[in-house]
Every structure is written in structure tokens, then in C-alpha cells.
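Novice: Listed here are the chains, written in short residue letters.
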Amino acid sequence: MNTLILVLVILALATLSYVVGTRRSTGLVDNKPKDLHSLPGYYGLYVAMWCGVPALALLALWTAFEPTIVKHMVLASLPAQALLDPAGGPLSDQRISLMMTDIANTASGNISSGASQSYISEAAVYQRSLTDTGYWLMAAVAVALGLGLASLAYRRISPKLRARNDVESGVKYFMIACSTVAILTTIGIILSLLFESYRFFTQVPVTDFLFGLSWSPQTAMRADQVGSSGAFGAIPLFVGTGLIATIALVVAVPIGLLSAIYMSEYAAPKFRAFAKPALEILAGIPTVVYGFFAALTVAPAIRGFGETIGLDVSSESALAAGLVMGIMIIPFVSSLSDDVITAVPQAMREGSYGLGATKSETIRKVVFPAALPGIVGGILLAASRAIGETMIVVMAAGLAANLTANPFAAVTTVTVQIVTLLVGDQEFDSPKTLAAFALGLVLFFITLLLNVIALRVVRKYREQYD
Amino acid sequence: MTDQHQPFEGTAGQPRIADRSVKVSATNANVYYGEKHAIKDVGLDIVAQEVTAFIGPSGCGKSTFLRCLNRMNDTIDICRVTGDIRLDEEDIYDRKIDVVELRARVGMVFQKPNPFPKSIYENIAYGPRIHGTATGKAELDEIVQSSLVRAGLWEEVKDRLDSPGTGLSGGQQQRLCIARAIAVSPEVILMDEPCSALDPIATAKIEELIDELRTNFTIVIVTHSMQQAARVSQRTAFFHLGRLIECGDTETIFTNPQHNLTQGYITGRFG
Amino acid sequence: MTSNNTDLVRAGLARRYRAEKRFRLYGLGAILVALAMLLTLFVTIFGSGLGAFTATEMTLEVTLFPQDVDPEGNRDPDVLSAANYRKLISQAMLDLFPDVTTRQDRRALLAIVSDGATYEARRRVMADPSLIGQRIDITVPVSSDFDLLNKGKVDETSAEHERRITDKQIAWFKRLQDRGMISTTFNKRLFTNSDSRQPELAGILGAVVGSMYTLLITLALSFPIGVAAAVYLEEYAPQNWFTDMIEVNINNLAAVPSIVFGLLGLAVFLNVFGMPRSAPVVGGLVLTLMTLPTIIIASRAALKSVPPSIREAALGVGASKLQMIVHHVLPLAMPGMLTGTIIGMAQALGETAPLLMIGMVAFIADVPGGPLAPSTVMPVQIYLWADSAERAFVERTSAAIMILLAFLVFMNAGAVVLRKKFERKW
Numbered sequence: 000m001n002t003l004i005l006v007l008v009i010l011a012l013a014t015l016s017y018v019v020g021t022r023r024s025t026g027l028v029d030n031k032p033k034d035l036h037s038l039p040g041y042y043g044l045y046v047a048m049w050c051g052v053p054a055l056a057l058l059a060l061w062t063a064f065e066p067t068i069v070k071h072m073v074l075a076s077l078p079a080q081a082l083l084d085p086a087g088g089p090l091s092d093q094r095i096s097l098m099m100t101d102i103a104n105t106a107s108g109n110i111s112s113g114a115s116q117s118y119i120s121e122a123a124v125y126q127r128s129l130t131d132t133g134y135w136l137m138a139a140v141a142v143a144l145g146l147g148l149a150s151l152a153y154r155r156i157s158p159k160l161r162a163r164n165d166v167e168s169g170v171k172y173f174m175i176a177c178s179t180v181a182i183l184t185t186i187g188i189i190l191s192l193l194f195e196s197y198r199f200f201t202q203v204p205v206t207d208f209l210f211g212l213s214w215s216p217q218t219a220m221r222a223d224q225v226g227s228s229g230a231f232g233a234i235p236l237f238v239g240t241g242l243i244a245t246i247a248l249v250v251a252v253p254i255g256l257l258s259a260i261y262m263s264e265y266a267a268p269k270f271r272a273f274a275k276p277a278l279e280i281l282a283g284i285p286t287v288v289y290g291f292f293a294a295l296t297v298a299p300a301i302r303g304f305g306e307t308i309g310l311d312v313s314s315e316s317a318l319a320a321g322l323v324m325g326i327m328i329i330p331f332v333s334s335l336s337d338d339v340i341t342a343v344p345q346a347m348r349e350g351s352y353g354l355g356a357t358k359s360e361t362i363r364k365v366v367f368p369a370a371l372p373g374i375v376g377g378i379l380l381a382a383s384r385a386i387g388e389t390m391i392v393v394m395a396a397g398l399a400a401n402l403t404a405n406p407f408a409a410v411t412t413v414t415v416q417i418v419t420l421l422v423g424d425q426e427f428d429s430p431k432t433l434a435a436f437a438l439g440l441v442l443f444f445i446t447l448l449l450n451v452i453a454l455r456v457v458r459k460y461r462e463q464y465d
Numbered sequence: 000m001t002d003q004h005q006p007f008e009g010t011a012g013q014p015r016i017a018d019r020s021v022k023v024s025a026t027n028a029n030v031y032y033g034e035k036h037a038i039k040d041v042g043l044d045i046v047a048q049e050v051t052a053f054i055g056p057s058g059c060g061k062s063t064f065l066r067c068l069n070r071m072n073d074t075i076d077i078c079r080v081t082g083d084i085r086l087d088e089e090d091i092y093d094r095k096i097d098v099v100e101l102r103a104r105v106g107m108v109f110q111k112p113n114p115f116p117k118s119i120y121e122n123i124a125y126g127p128r129i130h131g132t133a134t135g136k137a138e139l140d141e142i143v144q145s146s147l148v149r150a151g152l153w154e155e156v157k158d159r160l161d162s163p164g165t166g167l168s169g170g171q172q173q174r175l176c177i178a179r180a181i182a183v184s185p186e187v188i189l190m191d192e193p194c195s196a197l198d199p200i201a202t203a204k205i206e207e208l209i210d211e212l213r214t215n216f217t218i219v220i221v222t223h224s225m226q227q228a229a230r231v232s233q234r235t236a237f238f239h240l241g242r243l244i245e246c247g248d249t250e251t252i253f254t255n256p257q258h259n260l261t262q263g264y265i266t267g268r269f270g
Numbered sequence: 000m001t002s003n004n005t006d007l008v009r010a011g012l013a014r015r016y017r018a019e020k021r022f023r024l025y026g027l028g029a030i031l032v033a034l035a036m037l038l039t040l041f042v043t044i045f046g047s048g049l050g051a052f053t054a055t056e057m058t059l060e061v062t063l064f065p066q067d068v069d070p071e072g073n074r075d076p077d078v079l080s081a082a083n084y085r086k087l088i089s090q091a092m093l094d095l096f097p098d099v100t101t102r103q104d105r106r107a108l109l110a111i112v113s114d115g116a117t118y119e120a121r122r123r124v125m126a127d128p129s130l131i132g133q134r135i136d137i138t139v140p141v142s143s144d145f146d147l148l149n150k151g152k153v154d155e156t157s158a159e160h161e162r163r164i165t166d167k168q169i170a171w172f173k174r175l176q177d178r179g180m181i182s183t184t185f186n187k188r189l190f191t192n193s194d195s196r197q198p199e200l201a202g203i204l205g206a207v208v209g210s211m212y213t214l215l216i217t218l219a220l221s222f223p224i225g226v227a228a229a230v231y232l233e234e235y236a237p238q239n240w241f242t243d244m245i246e247v248n249i250n251n252l253a254a255v256p257s258i259v260f261g262l263l264g265l266a267v268f269l270n271v272f273g274m275p276r277s278a279p280v281v282g283g284l285v286l287t288l289m290t291l292p293t294i295i296i297a298s299r300a301a302l303k304s305v306p307p308s309i310r311e312a313a314l315g316v317g318a319s320k321l322q323m324i325v326h327h328v329l330p331l332a333m334p335g336m337l338t339g340t341i342i343g344m345a346q347a348l349g350e351t352a353p354l355l356m357i358g359m360v361a362f363i364a365d366v367p368g369g370p371l372a373p374s375t376v377m378p379v380q381i382y383l384w385a386d387s388a389e390r391a392f393v394e395r396t397s398a399a400i401m402i403l404l405a406f407l408v409f410m411n412a413g414a415v416v417l418r419k420k421f422e423r424k425w
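As they're listed, the protein sequences go chains Y, G and V. Reading the first sequence from the start, the letters are residues 0 to 465 in numbering that gives the first Met the number 0. Reading the second sequence from the start, the letters are residues 0 to 270 in numbering that gives the first Met the number 0. Reading the third sequence from the start, the letters are residues 0 to 425 in numbering that gives the first Met the number 0.
Don't read these hints as lab results, they were simulated from the structure. Just so it is clear, the structure is predicted and the values come from calculations on it, not from any experiment. One should not assume that every hint holds.
Claimed, not checked - EDC-like, lysine to aspartate or glutamate: derived pairs with alpha carbons at most 16 angstroms apart:
{"hint": "1", "chain 1": "Y", "residue 1": "K358", "chain 2": "V", "residue 2": "E19"}
{"hint": "2", "chain 1": "Y", "residue 1": "K358", "chain 2": "G", "residue 2": "D76"}
{"hint": "3", "chain 1": "G", "residue 1": "K111", "chain 2": "Y", "residue 2": "E349"}
{"hint": "4", "chain 1": "V", "residue 1": "K86", "chain 2": "V", "residue 2": "E119"}
{"hint": "5", "chain 1": "Y", "residue 1": "K159", "chain 2": "Y", "residue 2": "D34"}
{"hint": "6", "chain 1": "Y", "residue 1": "K358", "chain 2": "G", "residue 2": "D73"}
{"hint": "7", "chain 1": "Y", "residue 1": "K358", "chain 2": "G", "residue 2": "E138"}
{"hint": "8", "chain 1": "V", "residue 1": "K86", "chain 2": "V", "residue 2": "D67"}
{"hint": "9", "chain 1": "Y", "residue 1": "K459", "chain 2": "Y", "residue 2": "D338"}
{"hint": "10", "chain 1": "Y", "residue 1": "K358", "chain 2": "G", "residue 2": "D97"}
{"hint": "11", "chain 1": "Y", "residue 1": "K364", "chain 2": "G", "residue 2": "E121"}
To be verified - Examples of chain V residues lying across from chain Y (beta carbon under 8 angstroms, computed):
{"hint": "12", "residue": "Y25"}
{"hint": "13", "residue": "V32"}
{"hint": "14", "residue": "L40"}
{"hint": "15", "residue": "A228"}
{"hint": "16", "residue": "N248"}
{"hint": "17", "residue": "P256"}
{"hint": "18", "residue": "V267"}
{"hint": "19", "residue": "L291"}
{"hint": "20", "residue": "L321"}
{"hint": "21", "residue": "I381"}
{"hint": "22", "residue": "L383"}
{"hint": "23", "residue": "S387"}
{"hint": "24", "residue": "N411"}
Ideal Cβ positions, reconstructed from N, Cα and C, are used throughout, including at glycine.
I would like the entire structure built from these sequences, with the hints used as guidance.
Specialist: This is the structure we're talking about:
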């Protein structure tokens, strides 16, 4: 919250700079703005920009890195015996992180867990002082920076100063920075996944992970166990993910495709005006709702149905999750197919009608083959969506990593395991937690591959008819 | 020569041809696009085994009228056709008439070549396949070959029947579309400005082809170019603002037009 | 030859028209199946969720014995707050049923009243200490199992061991009903309470506020960044490898599974930057990265639809590029950009998986005090309730879904209205 006040202070200073800068520019030319290179407001903005932007940037950097720096300093200040466990060995990372939480809680005045040791409260006092000093130091530096740069800018104001050009290039750099966010995000994803996965693979060999047939990360629970005693063979997860995604596509592709065809070729405008948005509602429903629907309604229904025909259906069957996921991706398939079908030139249809083909013959033999690449692209996108879908499977699929292709059995997926491994109490650095990142890496690359192929196919298709 | 001059007020009615067999005849044909009255009271006979050219300034309704002859206008929702259009004395807008069958009898070639994104062979085979007019692969091969031969394309493509039809040049594509139409063995072939997207050499080839096809088919061609009408057609119909102004033997129309609108158009005073 | 051909065509017609009809039916059938599924989903959710909007309450006469509430009589708020109201409530209940004597039965009897009763009693006393010593009527919620019983959702004919309440408890509850002490009211706790372990006390308010903070942060970051990026890419960017890379990245990010963004948030925002777990700030940051592609793509489409003639006109009168954009292009593209933003926000509002990764799944019984306080959001609350073993939470889950859907409908309707209102054909 204090940071917020600081931000407001800097913004106030920037506003002030704007006013002062504007005044100065008009003052220089005896209130004859015509003699200025730019409109007076630009001189104000010029000063305000120099006042606010660097100070805010500094503040952002500080806010991002302050906790880490403080944490390291506090850790370094702790007496040596605090970092030893009762047996005399070095404390596990997990315990250290618990202790740091304790210190932070004490420092912020919350009741800490249990009777706190003296070094904890000492560290808490130290942390408080660090945070406080840091804050005031930061505030002073930021304000000084803002004021200093503003006064420099203020002095530079002259009728010849190209204030507008400078402001505009400032804005342009801001826009460039904004557009690089996408790149930074991708880099961030790749680096964080690679880094954590690398740490995982130092403990569990890559081949064991990619080709192992047994997955049971929860076994490595006791402290004296090392990661290798848990089983991290991800094949059952890949098979489970594939199974559920396949079921979803088997549901979604025919329904979505036929709907799109009916909608674009047959439906009366009135029906289309109603049915198209209605189908798109399916895409707007949050996945957690689908998950609840799958767990509450669909899974018991399938189980009950299985019982009546004498089949043993798991209550967390792949079928239930896949079915509901299929419903969810119907609109992806249908709207993408609709797009590509409408993109098939009318001349193509007329050519076929002109030969005496019926509508369905035209669709099946001319329009559909012409649209096929685009449709395939759409299906690939839908597949990537199905593979990466999380909530439905978390709520409706199982946790047990069964290696099976039986849709009535319970299987687990990559996303389910990521959530299971990372939700709840975590210990960083344990292979269990790191495994989630390795799974994330696999997930990211598979979906990336599908997306790249799909986008390329669709683009090629579009170019064909442009 | 019993052609009569049609008065400007309307062209409905009476028989216009006595000594030649009429393939298609329209009486009092009207076409509406929603509120717009696009074709007004057109009456016209199309003679079998001849080439009939529709000429007239842009937007005069010649393409619209052409599309009435195999009911391609049915694909446009707001389009409504009234009047009487007969193919071999049968009203093609009769309820009993099947559009699919009609279009098998009255084929069409479009302004812009529109081959299907399939192989050359598949393009030609499409019609016979959907209509079930070929029994067996051998017969189908036969139809494909003879259609391509008749369209004058065989020599150019016989070694690459499996390559995509979209890979041909514009003129070849248009001849492919003509071959595709021939493959269904229609009785009438409608051509909607088939050369407007082609260069002069390709145009010459198509014109030559049209002249040859005349022996087997009744051909109706819409064209922008009066020279083309003069070169390929035996009869010419001049449309203006949705009305048929004059229709007669091409020679007569071009040398001795009865109506001064026709005269004006032909001599290039407007267009 | 020709007539032969016509015959052949005619012979196939019937078959071909049957195929035509079949194909058409497949298409229609597909749409109907999809719509039926949508309908089933809504009917199940609404069917099970409507019950949560009413609550069963019980009016209990409680004597506020001074020796229990305020033994020293100095009305010290700390003492009043810490007093044992449970005992008073228990006493009031037991007084109603003098025939209940054994320890086990008494506990079973007390199970009818929700724990919320003690809070209600404390609230009343704290609000008006003069009530101490009096006999007052307080209206308290009954516990969830009896709420379900009252709503007819418990099968009384089933075997006793198959349900959570005993025959005896049912009989007692019937007696309370006969005495007119049980009433059904609108369940305002659903809207004014935060999460609770007791279904009858659990409400959605904390999650709504958490969602609000998260969305505000998402909006505050993603809208300006998204618009700025779109303007740069559409109006300034030269055609080079860098621009291409940005575009490829945006398109790919739009299709990256949301959970991967959660992993990014966990690894970067929490572990590297040391931001607080479970905080709306981090949630907002993660959702910003997730919704940015949507907003950028929509904004670029909106900018593209502004005809070049407008730009030329502005440049022609001597506007600078930025002036042309700010004065002419942006106002015209704004409705489209806002529509895209609303759709992005609606996506963010329904997003669950990435927030699980950054720890927004904690049990939070309070309304979060700010964007840095631990909190949860609506979809995560739904997930948590759906995971609860208590049967009564099924009802609440569905109700929470209905509330979430209401928000989404509202936002999407806003987007539609905006689009309709400012739709412009050039």
C-alpha cells in the first residue's frame, strides 16, 4: 500500500511538472504560442515525461526485487545455529522457507506460529528495519530522480525545442515496450519451464520421465527418500491425456462440422441467427462449470448406464471427462469450420450447381474437399485446446495413473498431475514439485507444435482464396 | 427470314421463328431481385444447334436472363422469376421439373473459370459421377477423354490428368470448365461471358471451340464484345435496361438493326 | 444418346434426393444435439442451484443469562465478544425438548442448529448490550442437513444409515415445524458471507470481491498495454523480423493452455520476485498475460477497420502521426477495442486453472482487504465447493455457478450492446 502512495506522489509531481513546463514555454515567448515549435502542452508533457517515467520504472524494479534482496539479507543475518536442524545437519529448504514465513509474519505484526525463538523475533526486527529503510531510501531516490530529471528538462525548454517530436517518440517507445510483452511472456514461459525442468532432470533421468511406464510421485514423501524412489514415468499421463482428448474430438468434430455445414449452407437466416450464438455460448461457459457438470451429472449417468448393460464403469471414467470436454470444444470446431466453409468461393458452388449437382453433393464433393485444409487446421487447434484443458479433467478424471485405453476406466492427464503436484503444501526443489514443470514443458511444446502447424495450415488455406 | 422486329414496349408473345426448331423459348419472363425489377417481359426463342449471343450494356440483365434458363437464380434467396420459360416445350419453372435434372440438361460455363480444387480428371468426372451416367471406370475414362478432346484440351493435359485443375492457365481452366460441362452431355450450354477473364489468344481458342460445339449443342453466350458476338453467333439478342430490344439473325442485327437503340449500341454511341 | 442420358439422370434422382435429405438431417441433428447438451447443462445447474437461494431458519427463544454473557456486569466489549453463546443456544434448544436426556441424543438435537446461531447471538448482544438478561427471539439458520430436509431433498423413506440424519432428528425437526418455529426465507447469507466450512453459512461475497480486485488489476494492465501494442503493430511497426516475431508470439500465446500461464506465474512472480501467494495482484498479472493476446488481436482488427481515407485526411491537414492516431483513429476504433477487452475480461473472470497454480485456492473466510491480501475468486470458489464432501455444497456450487454465469451474461451483453450501438459500415 505504501508503494501506492509513492506512485501517487510521483504522479502528482508529474502533473505539477506538466503545469510548470507549459507555463514556462508560453512565458518564454511572451504568450505568443505561435513562436513555439510545438503546442505549449507538449512542453508540459515533455517535462512530465522526464519526471514520471524513470521514477516509476525505478519503483517497478524495486518492487519486483525488494522481497528477494531483503530475504537474502535476513537469511544471512541469522545465527548459524538457526540454520541447523536438531540433529546438527543443515536445515532443509522447506524448513527454511517455513522459518522465513514465520519471520515475515512476526515482522508484519501477525501472530506467528508457535512460541517464537529469540532469533526469529530478532530477525523480524531486522527485516522490518530493512524494509522500512529500503522503502524510505527508495522513496527518496525515486522522488529525487523525478525532480532532478524534471528540472533538467525544464531548463532545456526553449522555443526551438522539438517537444512534440520528443514526446511522440517517447510514446512510441512505450508502445514498442508494450508490444514486446508478448515476446517476454513467451521467453518467460520457456525459461521458467526449462530451468525448473532442468533441475528435475538432474534428479530424474529424461528417459525415465519420457518413456517410463509407471507414475507415482506421491511415494517420495519421507525425508530420507530421494526423488528416484518415486516413479516419474510419464507415459501413462500422455496416454490418458491422449485418450480423453481423442474422446473429446470424436464427440466434437462430427457435431461441430455438421453444425457448421448446416449453419452455413442450409439454415434459414432466422434459425442461424438463433443457433449460432447459442452454440457459441458453449465456448463462453467457464471450464470449471463443465467440470462440475461432468462430475455431478455426466459421470454418474454414464456409470448408471454402464451398470444397466452390465459394464463396470469407473466413476471417474475417461468417457465422462472426454464427453464433456467434447461439448466444450464443439464451438471451436464449428466456428472455425464455418469460417473456412464460407471462405470457399461462391463460384465453386455455382460450378457444381451448374452441372446439376444437389446441395449435399456440392457440399460433400466440392465445398468440403476445398475447405479441408482449413478444417484440419481448426481440428488441430481444438485438439490443442483439449490437451491443455485443465478444470474438466481435474474435477472429473481420476488421479490414478492407469496405463489403459479403456474409456470406461479412470485415467489421469498431464494437467491433472500438474495441478495435483502444485496445489496444496509444496516443497520447492523436491522432484515432486519440479516434475510439474517438466510436465508443463511437455504440454507447452506439444500444444505449441499443434498451434504452429494449425496456424500455418489455415493461413495457407486463406491465401489460396484471397 | 420471318424474324419480326420487336416493339420496344415489350417483347412478349408471338412465335418469332418458323423454319428452325426451337430449343428454349421464353414468354413474358420477369425477374425481380427483391424490389428491383431486373428483367421485364422478355420473350425470346433460342434455336437448337445454333449459337445465340446476348449483348447489351452492363447491367442490362443479359446475365440474369441467362441464369434463368437453368434456374441458377434459385441459389439467390431474394430472386423471383415469373413468366414462361420452356425447354423443349416443357415449362422449366413448373413444380414438376427437377432442378437437378434441368441443370444436367442445361449446363453452364461461368464468367471466371472456376475449376474445383481437384485434379483435372476429377473435375471432368465429377458430373458423370454425381449423375450416375457412367458405369464403371472404363466408361468414365472414356467420357473424360472425349470431353477433353471436344474441348480441345486433351493434347495439352493428357499427361497430367492427375495434376490439379487450378494449376492450368486461365484459358485452359476455362476450357476445362467447358469440358466439365460437356461431360454431363447437356443439350444446352449457357456461357456467361466465358472469355472476359482471358487474353486474346485464349479467347480465340474458346471461340473456335464454341463454333465446333455448335454441331452437338445449343449454345447461349453472354458477351460484352460485339466482335465476339459477330464472330461466334448465328443469332443475337440485344438487351437494354432489363428489356429485350431486338433479336434476330446476327448478320441482320449488325448490318441492319431495326431499333435505333440497337443501332446506337452497335455503332458505339453508348455502351 | 442425349435422351438416354436424361433417363440415366432421372433414374438416379430419387436416390440422390434421399441422400440430400439424410445429409440435411445429419446437420440439423448435430445442431440439435449440441443445443440439447447446452440445455441439459443449464437445467441441471439451475435445477440444483435454485434451492440455495432460499434458506431454512429457525426462530429460537434465547435467554441471555447475565452470568454467562457478562458475569462482571461492566459491559466490556471484549468480554461480551468472548462469552459462551453456544451454551445459551444449547440451553434454549434443550428447553424445547425436555424429553431429550442422553448425552448422545442431546448432541444429535443440537446438531439441528447451525454454528451460525452463536454468531447471531453475539451480534445481537454486541449491537445492543441492554438485551442482556432478557429473553429474546433470534432467528438462526438450521444446519445444512436439515435445510435439505426442509426443502424435501432428503429421502425420509431410505434406510437410516444411508442418510446423514437419524429418524429421531427428523422427528424433532417435525416437532419444530409443527410449532411453527421453522421458516424459509431468501438466503441473503449467500451474498453477504464469505466461505465457510458450514454450507449453511457459506457465501460468495469474499470470492466476488477477490474476483473484482483480480479483474481490476487485469483491466488496468491489459487494456493500456494491449491497445498500445495494437497501435504500434498496426500503425507504426515496419515489416521486419522483429514485428513478425511479435505477431507469431501473440498468435501462439492465444492458444497456449491457461495452466502454463499459471506455471509462469508460480515460477516468476512468486519464486523469483517473491510476490505474496494467493494475492489478487499476482492473479491479475497472470490473467493480464493471458488476456493480452485476445485484446491485442481484437484491437488490431478494430484499427484495421478504420478506413485509410480518415488517416490521409488527418495527415493532409498537417496532423502528426500520433495526433492522427489519438484524434481520429483511436476514437473510431475504440468500440471495437472495448468489445474485445470485455470479452477478454469475461474470459479472465471464468478462468480457474492458472489461479490454482499461484495459490488462490486457500480457504479464505474473510472478505479480502485489498489486492495484496490472500483471496480467492469465483471460479476457484466453485471448484472448492464442488470438491467438498458435504452434500449441501452441491446446491451452493450450482448457485455460485449461476451467479458467475449472471456476471458473464452481463459482460457479454455489454459487449453486444456496444458493438450494436457503434457498428459502422464504411
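Novice: For each hint, tell me whether it holds in the structure or not.
Specialist: Hint check results:
1. With a C-alpha separation of about 7 angstroms, the suggested pair Y:K358 and V:E19 falls inside the 16 angstroms cut-off, and the hint holds.
2. Restraint check: the Cα-Cα separation between Y:K358 and G:D76 comes to about 14 angstroms, which is no more than 16 angstroms; the hinted pair holds.
3. This hinted pair checks out: G:K111 and Y:E349 have alpha carbons roughly 11 angstroms apart, not beyond 16 angstroms.
4. Proposed proximity of V:K86 and V:E119 is supported: the alpha carbons are some 13 angstroms apart, at most 16 angstroms.
5. Between Y:K159 and Y:D34 the CA atoms are separated by roughly 9 angstroms; this keeps the pair inside 16 angstroms, and the hint holds.
6. Between Y:K358 and G:D73, the direct Cα distance comes to roughly 12 angstroms. Compliance with the 16 angstroms bound is thereby established for this hinted pair.
7. Pair hint Y:K358 plus G:E138 does not hold up; C-alpha atoms about 26 angstroms apart against a cutoff of 16 angstroms.
8. At roughly 8 angstroms between alpha-carbon atoms, V:K86 and V:D67 fall within 16 angstroms of each other, so this suggested pair holds.
9. For the proposed pair Y:K459 and Y:D338, the alpha carbon gap of about 14 angstroms is at most 16 angstroms, so the pair holds.
10. Restraint check: the Cα-Cα separation between Y:K358 and G:D97 comes to about 13 angstroms, which is no more than 16 angstroms; the hinted pair holds.
11. Distance check on the hinted pair: Y:K364 and G:E121 sit about 10 angstroms apart at the alpha-carbon level, within 16 angstroms; holds.
12. A hinted interface residue such as V:Y25 counts as satisfied when its beta carbon comes closer than 8 angstroms to some beta carbon of chain Y; here the least separation is about 5 angstroms, so the hint holds.
13. Here the hint on V:V32 is kept, as its CB sits about 6 angstroms from the closest CB of chain Y, short of 8 angstroms.
14. Among the interface hints, the one on V:L40 holds; its C-beta lies about 5 angstroms from the nearest C-beta in chain Y, closer than the 8 angstroms criterion.
15. Checking V:A228 against chain Y by beta carbon gives a least distance of about 4 angstroms; that is within 8 angstroms, so the hint holds.
16. With its C-beta approaching chain Y no nearer than about 4 angstroms, V:N248 sits inside the 8 angstroms limit, and its interface hint holds.
17. Checking V:P256 against chain Y: minimum C-beta separation of about 2 angstroms stays under 8 angstroms; hint holds.
18. Restraint check, V:V267 versus chain Y: the minimum CB separation of about 6 angstroms is within 8 angstroms; hint holds.
19. Of the supplied interface hints, the one on V:L291 holds, with its beta-carbon coming within about 6 angstroms of a beta-carbon of chain Y, less than 8 angstroms.
20. The restraint placing V:L321 at the interface with chain Y holds, with a minimum CB-CB distance near 4 angstroms, inside the 8 angstroms limit.
21. Among the interface hints, the one on V:I381 holds; its C-beta lies about 5 angstroms from the nearest C-beta in chain Y, closer than the 8 angstroms criterion.
22. Hint on V:L383 is violated. Least Cβ distance to chain Y is approximately 10 angstroms, over the 8 angstroms limit.
23. A cut of 8 angstroms between beta carbons decides the hint on V:S387: the least distance to chain Y is about 12 angstroms, and the hint is violated.
24. A least Cβ separation of about 6 angstroms between V:N411 and chain Y falls short of the 8 angstroms threshold, and the interface hint therefore holds.
The structure is inconsistent with the numbered hints 7, 22, 23, although it conforms to all the rest.
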